[in-house]
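There are 2 protein chains.
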Amino acid sequence: MAIPRLLVVDDDAETRSMMTQFLQQNGFMAFPCETEDTIRHHLKGGRVDLILLDVMLADENGVEICARLRKEQDVPVILVSALSADHHRMKGYEVGADDYIAKPFNPELLLARVRAVLHRANRSASLVYRRSVSVFRFAGWHYDAKRDEVTSPQGYQVALSRKETALLKVLLANPHIPLTRDEIANALDVTGEAQGTPPEGSGRAIDVLVGRLRGKIETDPKSPELLRTERGIGYVFTADVTTEDSA
Amino acid sequence: MAIPRLLVVDDDAETRSMMTQFLQQNGFMAFPCETEDTIRHHLKGGRVDLILLDVMLADENGVEICARLRKEQDVPVILVSALSADHHRMKGYEVGADDYIAKPFNPELLLARVRAVLHRANRSASLVYRRSVSVFRFAGWHYDAKRDEVTSPQGYQVALSRKETALLKVLLANPHIPLTRDEIANALDVTGEAQGTPPEGSGRAIDVLVGRLRGKIETDPKSPELLRTERGIGYVFTADVTTEDSA
DNA sequence: AGGCTTGCGTAACATCATGTAACAAAAGGC
DNA sequence: GCCTTTTGTTACATGATGTTACGCAAGCCT
Numbered sequence: 000m001a002i003p004r005l006l007v008v009d010d011d012a013e014t015r016s017m018m019t020q021f022l023q024q025n026g027f028m029a030f031p032c033e034t035e036d037t038i039r040h041h042l043k044g045g046r047v048d049l050i051l052l053d054v055m056l057a058d059e060n061g062v063e064i065c066a067r068l069r070k071e072q073d074v075p076v077i078l079v080s081a082l083s084a085d086h087h088r089m090k091g092y093e094v095g096a097d098d099y100i101a102k103p104f105n106p107e108l109l110l111a112r113v114r115a116v117l118h119r120a121n122r123s124a125s126l127v128y129r130r131s132v133s134v135f136r137f138a139g140w141h142y143d144a145k146r147d148e149v150t151s152p153q154g155y156q157v158a159l160s161r162k163e164t165a166l167l168k169v170l171l172a173n174p175h176i177p178l179t180r181d182e183i184a185n186a187l188d189v190t191g192e193a194q195g196t197p198p199e200g201s202g203r204a205i206d207v208l209v210g211r212l213r214g215k216i217e218t219d220p221k222s223p224e225l226l227r228t229e230r231g232i233g234y235v236f237t238a239d240v241t242t243e244d245s246a
Numbered sequence: 000m001a002i003p004r005l006l007v008v009d010d011d012a013e014t015r016s017m018m019t020q021f022l023q024q025n026g027f028m029a030f031p032c033e034t035e036d037t038i039r040h041h042l043k044g045g046r047v048d049l050i051l052l053d054v055m056l057a058d059e060n061g062v063e064i065c066a067r068l069r070k071e072q073d074v075p076v077i078l079v080s081a082l083s084a085d086h087h088r089m090k091g092y093e094v095g096a097d098d099y100i101a102k103p104f105n106p107e108l109l110l111a112r113v114r115a116v117l118h119r120a121n122r123s124a125s126l127v128y129r130r131s132v133s134v135f136r137f138a139g140w141h142y143d144a145k146r147d148e149v150t151s152p153q154g155y156q157v158a159l160s161r162k163e164t165a166l167l168k169v170l171l172a173n174p175h176i177p178l179t180r181d182e183i184a185n186a187l188d189v190t191g192e193a194q195g196t197p198p199e200g201s202g203r204a205i206d207v208l209v210g211r212l213r214g215k216i217e218t219d220p221k222s223p224e225l226l227r228t229e230r231g232i233g234y235v236f237t238a239d240v241t242t243e244d245s246a
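The listed protein sequences correspond, in order, to chains A and B. For reference, each letter of the first sequence is one residue, going 0 to 246 in numbering that gives the first Met the number 0. For reference, each letter of the second sequence is one residue, going 0 to 246 in numbering that gives the first Met the number 0.
Everything labelled a hint here was simulated from the structure, so no lab data went into it. Treat the hints loosely; a few may be bogus.
[Claimed, not checked] Taking lysine to aspartate or glutamate and the EDC-like style, the derived pairs with C-alpha atoms no more than 20 Å apart in a straight line are:
(1) A:Lys168 to B:Asp181
(2) A:Lys145 to B:Glu224
(3) A:Lys168 to B:Glu107
(4) A:Lys145 to B:Asp239
(5) B:Lys70 to B:Asp206
(6) B:Lys70 to B:Asp98
(7) B:Lys221 to B:Asp206
(8) A:Lys162 to B:Glu224
(9) A:Lys102 to A:Asp181
(10) B:Lys215 to B:Glu148
(11) A:Lys145 to B:Glu243
(12) A:Lys221 to A:Asp206
(13) B:Lys168 to B:Glu107
(14) A:Lys215 to A:Asp147
(15) A:Lys168 to A:Asp143
(16) B:Lys221 to A:Glu217
(17) A:Lys162 to B:Glu229
(18) A:Lys168 to A:Glu107
(19) B:Lys221 to A:Asp206
(20) A:Lys145 to B:Glu229
Whenever a hint applies, use it, and build me the whole structure from the sequences.
Below you can see the structure in the form of structure tokens.
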């Protein structure tokens, strides 16, 4: 893929240039925009791979702009907002944003999100794995979702608990994409592998779960190669995954 | 099934319209309601498949409304609440809510729950097997409902007790569908295989029954392959079932 | 480099759901 | 009625999952 072209939309001049600079320093082509007009100008003028859109623009509501843009063309959008309250997040998704980041954010996290969305846009995959797919291969391993069996490269069966299996599925559906603990927890909920789980936030269940899965699928759990830690962010599954539809 | 019709009950206008919109965008027919009266109006006016009910309405308590509705007719209800404290969750279930979601919630999670509840409500009607069908084959086994005989893949007869047989029938009628203990217990009642069964809830009769059936039809009851446990949910029968009408 | 702060890994414990043996209560058959 | 079979209950063992606490490592500042 060519160098990704991003638009940074924010009404605060300082934030705007800061983000733009930061993204440029990290290998992206970023353009600052202040108004919807500027956005449209860029959209007409050439390829735009992703828009970073502040929710709280002076005159207009970012969510509405996002909704409007979405209707017109299919540009990935990440909403940025000072309000981390989740009902705003909901509005964002509702409107079709690809992701949502709360200000102030960790720069690394921003990069991770941007990469993830670009990556996803490229393959149009979502967080949750597709149903029709049920056989996964990765790094010599083999996972059959139908029988719920995991086979090591050496060919012997490894028993995974339900949660471990669920985690593996989430990872397999998002190779090379850094996932935060919250995203993982949500995905586990959505796949229905965790019913009575409270909305998360307190404990470190995900960390422990990751540790347990590592113990079963990593050659040396002490220096993981498949399920790596992204310090300050979460975890990434670093393996190429091939899938086979089963029906 | 036709497009599901949902009621969104919340006293906050914004939340109400937001959820309604969101659900509509995802293929549901959703109607905003503010008061119990509005709910009743819809209930009388036409089919309602599911009610999303906020627990903290201004004047009334959602839990109480839920209890009242439940007494009158059998509409599935999902309680929504800002209070994630577990005792509220418990109250919800006590009162007969089908599920419970804490605000703020992940939109995907909401959809998942809604679908799950609808799915459940939808199939409870078909829990009982059809009469005309009386020969079942599954994983090499053969069950003749007329003669009440079960034959193993190796060809010898296995004697099942009445309850075991009833359980098997329920499972055969619902392959690949996870059933809760309550659903199973109810289905057993309906098939007339259990008359004086107490109102349920206390003991673990289903667990023991499942164990006994496993002992007869599983190769290795310790690691069941046909009658599997869904932790936190119930049991699933994981085998393809073919049936033959017997006229 | 050294010290401080933060995030992560993980052992040890707490909790909860399930499996099941052993017993008790019912239901039938004679 | 007495015995046999079936079904339900209880109690305990087991295994899965969540929580907590502590130590280590990575980054950061000086």
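Open item on the list: Hinted pair, alpha-carbon criterion (20 Å max): Lys215 (chain A), Asp147 (chain A). Please report holds or violated.
Closed with: Given that 20 Å is the threshold and the Cα spacing comes to 15 Å, the pair holds.
TODO: Given the hint that Lys221 (chain A) pairs with Asp206 (chain A), test it: the Cα-Cα distance must not exceed 20 Å.
DONE: OK: Lys221 (chain A) and Asp206 (chain A) at ~14 Å, within 20 Å.
- [ ] For the pair supplied as a hint, Lys221 (chain B) and Glu217 (chain A), confirm whether the alpha-carbon distance does not exceed 20 Å.
- [x] Distance of about 27 Å is beyond 20 Å: violated.
Open item on the list: Against the 20 Å threshold, does the CA-CA distance of Lys162 (chain A) and Glu224 (chain B) hold or violate the hint?
Closed with: holds (19 Å)
Open item on the list: Given the hinted pair Lys221 (chain B) and Asp206 (chain A), is their Cα-Cα distance within 20 Å?
Closed with: violated (30 Å)
Open item on the list: Check whether the Cα positions of Lys145 (chain A) and Asp239 (chain B) lie no farther apart than 20 Å.
Closed with: holds (12 Å)
Open item on the list: So if I understand the rule, the pair passes when the alpha-carbon distance is 20 Å or less; does Lys168 (chain A) with Asp143 (chain A) pass?
Closed with: With a Cα-Cα distance of about 10 Å, the restraint between Lys168 (chain A) and Asp143 (chain A) holds, given a limit of 20 Å.
Task: Straight-line alpha-carbon gap Lys70 (chain B) to Asp206 (chain B), limit 20 Å - done: violated (29 Å)
Task: Pair hint Lys145 (chain A) and Glu243 (chain B), alpha-carbon separation not exceeding 20 Å - done: Judged against 20 Å, a Cα distance of about 26 Å means the pair is violated.
Open item on the list: Just to be careful, I want the Cα atoms of Lys102 (chain A) and Asp181 (chain A) compared with a cutoff of 20 Å; is the pair within it?
Closed with: holds (16 Å)
Open item on the list: Against the 20 Å threshold, does the CA-CA distance of Lys168 (chain A) and Glu107 (chain A) hold or violate the hint?
Closed with: violated (25 Å)
Task: Proposed proximity, Glu107 (chain B) with Lys168 (chain A) (alpha carbon, max 20 Å) - done: holds (17 Å)
The structure fails hints 1, 5, 11, 13, 16, 18, 19 (numbered hints given earlier, in ascending order).
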